[in-house]
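Protein chains in written order, with this note's numbering: chain W, 1 to 336; chain L, 1001 to 1281; chain E, 2001 to 2308.
Among the hints, a few may not be true.
As the list claims (entries may be wrong) - Keeping only pairs whose Cα atoms sit at most 25 Å apart, straight-line, the calculated SDA-like set for lysine to any residue is: (1) K2202(E) - L2186(E); (2) K2139(E) - D135(W); (3) K2192(E) - R1003(L); (4) K225(W) - A1043(L); (5) K309(W) - S252(W); (6) K146(W) - L127(W); (7) K90(W) - H1134(L); (8) K88(W) - K2139(E); (9) K189(W) - Y2067(E); (10) K293(W) - I1132(L); (11) K1275(L) - L1264(L); (12) K82(W) - K2057(E); (13) K293(W) - A1043(L).
No lab work stands behind these hints, which were simulated from the structure alone.
What follows is the residue order along each chain.
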Amino acid sequence: MKNILRLTLLAALVLSFAHVNAAETLNGAGATFPYPVYSAWAYDYNKITGVQINYQSIGSGGGVRQITERTIDFGASDDPSKPEQVQKDKLLQFPAVIGGVVPVVNLENTHPGQLKLDPESLCSIFLGEIKYWDDEKIKKMNPQSKLTHSEVTVVYRSDGSGTTAIFTNYLSAVCPAWKEKIGAGKAVKFPTGIGGKGNEGVANYVKRTANSIGYVEFAYAKQNKLTFTQLKNSAGNFVVPGFESFEDAAESGDFDPKKDFYLWLTNAPGKESWPIAGATFILLAKEKTDANKSVVKFFDWAFKNGDNKAKELVYVPLPKSLKDKVRAYWKEKGIF
Amino acid sequence: MTRVRKRKIEGVIAMVLCTVAALTGLFWLVFILGDVLAHGIKALNLNLFINDPAPAGVEGGGLRNAFIGQLLITLCATLIGVPIGVLGGTFLAEYARGRRIARLISILSDIMVSVPSIVIGTFIYAVLVKPIGHFSGWAGAIALSIIMIPVVLRTTEDMLRLVPWTLREAAFALGAPYYKVIIQIVYRGASTGILTGILLSIARVSGETAPLLFTSFNNSFFSADMNKPIASLTVTIFQYAMGPYESWHSQAWAASLVITLSILTLTVIGRLLIKGRHGKR
Amino acid sequence: MRKNPADIIFSATTAIASLSVAVFVIGILYVLIMESSPAIGRFGIKFLISTDWDPVKESFGALTNIYGTIITTFLSLLIAIPVSIGIAIFVTEISPNFLKAPIGAAIELLAAIPSIIYGMWGLFTLSPIMSRHVEPFLKKITAGIPIVSILFQGTPMGIDILTASVILSIMIIPFTASISRDSFNLTPPIIKESAYAIGATKWEVVKNIVIPYSKIGVFGGIVLSLGRAIGETMAVAFVLGNNHRIATSLFDAAATITVTLANEFAEADNDIYLSSLFYLALVLFVMSFITLAVAKYFLIRAERKYSR
């Protein structure tokens, strides 16, 4: 009995000590797409200010759900919420950084940026219509690649994901069959393949599964040395994913603060534009003014100091004009 | 071939197959533990315990936050679960001994021990996380304590039943009230058994991941505030193992090694205790 | 017995503590029903037989998940039962005395390994072995055999029903094995000895005396393992591949109720989606509760029989 009492006292002591030790923490969750850059920003921000930005990559669907339930201070989503939805859930929404989704493959003798795909073949692969890598459609575009008669394994996202939203938004835009059968959204009913959780999960499965194809945010492809492909854009050029082609796509976008910045960057018209680009958004709960101010402070810091870090991870920082628009939006909402 | 011979051969084959089955079981144990040990030991170093995580994809960093978080959540779960479990078991074995209600609760507890822990996670999310408005270490601890209570309750009940009734009668004869008899005589008599139950229940919950996913959530920073999201080893292992980075994988192995060893140690101590006390069971 | 005020307080406290278990059971059931009521209202009982799991069209059905749960559980039992009973026979009848306790304890240690470790080990170690060696081999030897070959169709990826079932089977072996062992041990030695006396072999004694005598207990153990397997989450979450489909091949990815919950619960972005997940949790709770209650029923019957 005495021992238990002693243990309890000790525990109480530890807990009370813990309380004193607590630093200011802001909890965010959502998109896995910007996770590498947010966690890098948060790490630096914590070193400078001591404020902890605890960002958990649970998927864009989770970001929207948890901010709507008000269980976190900010949500993140790559699937921009429509202005009506933002209004209804009493949220605020602004873009934070721009990136690109890339198809990644695990094929022998294929190096990153080598395999060429056009929208039709990409769509057929994900519809399960192209079953083997040596399909005529793929072969025609890649005469120099040695494609064997091996079965395609599709890897998709199993969680509610903005990456999926951007990807399926693109497929719906370029492929009528996809639009009709599957549609676009954060989680869709994929007709074939295996599902990984998060960009991390898809990257992991593609890495471990021979002859697979998946889609991930470019930073994940880059960091994990995955074999990304080229893609034919709406101008008819094959483009390699990378900073330039993302930036080209970003420039075509006209974000409107009145619509809470709701905008898709997919299938951008630019000559060198990467066709599956997208902005990733931050969602705030309108009434949590104090927390919002702290969150906004972090993003303001990131806008000022984080561009290099973002570029390092192959994200496109917001153009200066857009940053100003976002700051004006914050001011107007009284949180900056 | 004679009939006797045939029967003999059949017998030998069956016995060989059974031996193979036993070896299979041992093989898996050695394979899994060996694998965790081999991978884990490579990544095990002091930095793992004293550093917090580095940003995604950056080498280095440690899991200090997750180790502390795990300890805190488990400790709080124990502080909630053990008293309720022990007291509940006391009711079944003492005050309600032989009554219908005792039987019913005992059966319910046995069922609750095996109820899918993820369901308990969803339950806590609905009653604690959503209404309160944030994920928290407490939510995780309470989820774990719900798993713990039936385990502790059932062992306590069984152990108290083993204490001879005559012992209580001797104390009654001295004029002691029942509660004093229970606390001073019965608990003392069953202390090793109850302790075993507690150790085993701690071992059981320290490996739980599913109920923590949407209760205590996760935290990439060091936090010991139970009112906020808090990192735990198991959730971190899930995140890191599912992730694509090599450095994450090796840290997940190291964390797995630590958690497996702690749980196995607790289990073995628990078993030895009970064996020393009650002989072969 | 004299009633003393402190005694009343103490007994009341213990009563409340023990009632907490009942409160949890009822509370879980109540909360799950409340939270899933929008989905119950919208999809009704058809939820259970619909294979749709389409968040875009907001149309949900549990069948693919229930199917995944049942098929992985069934397969894992298929693997685990013979092995566990073999282990129990070995420990009770074959093994030399000094090895009985250590081997029994070692097998039980398998149950102490956390499920997340099984999952991780499954993903990093078992799954490559399965996809490179075991699955191509199975595919080769079954090729051409009608019906059976359907089970082994497709690319062996190692992230599929078969791998998940193997991991599950390892996890439930200790439960079935230790309960079977305990039941076997309760066979009265006198019956066994009389069988030996008339010249029965060891196997005949096991087959004709021990197993029939202890079958209720063994059966209870099997049903208990079934209950465990139904609710297992993390170990399968790593290697099942999360696909909402009715898979015909063991090399296909699938989803169980638990895996779907773990993956999608925190992220369901609209109300009907979340409510459908609560509905799934309710289905899981009821399924496992009934299974475990049945297990308990048989174990109690076995206990009564032996204590007679």
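Broken hints, by number: Numbers 8 and 13 - these are the hints that the structure violates, sorted from lowest upward.
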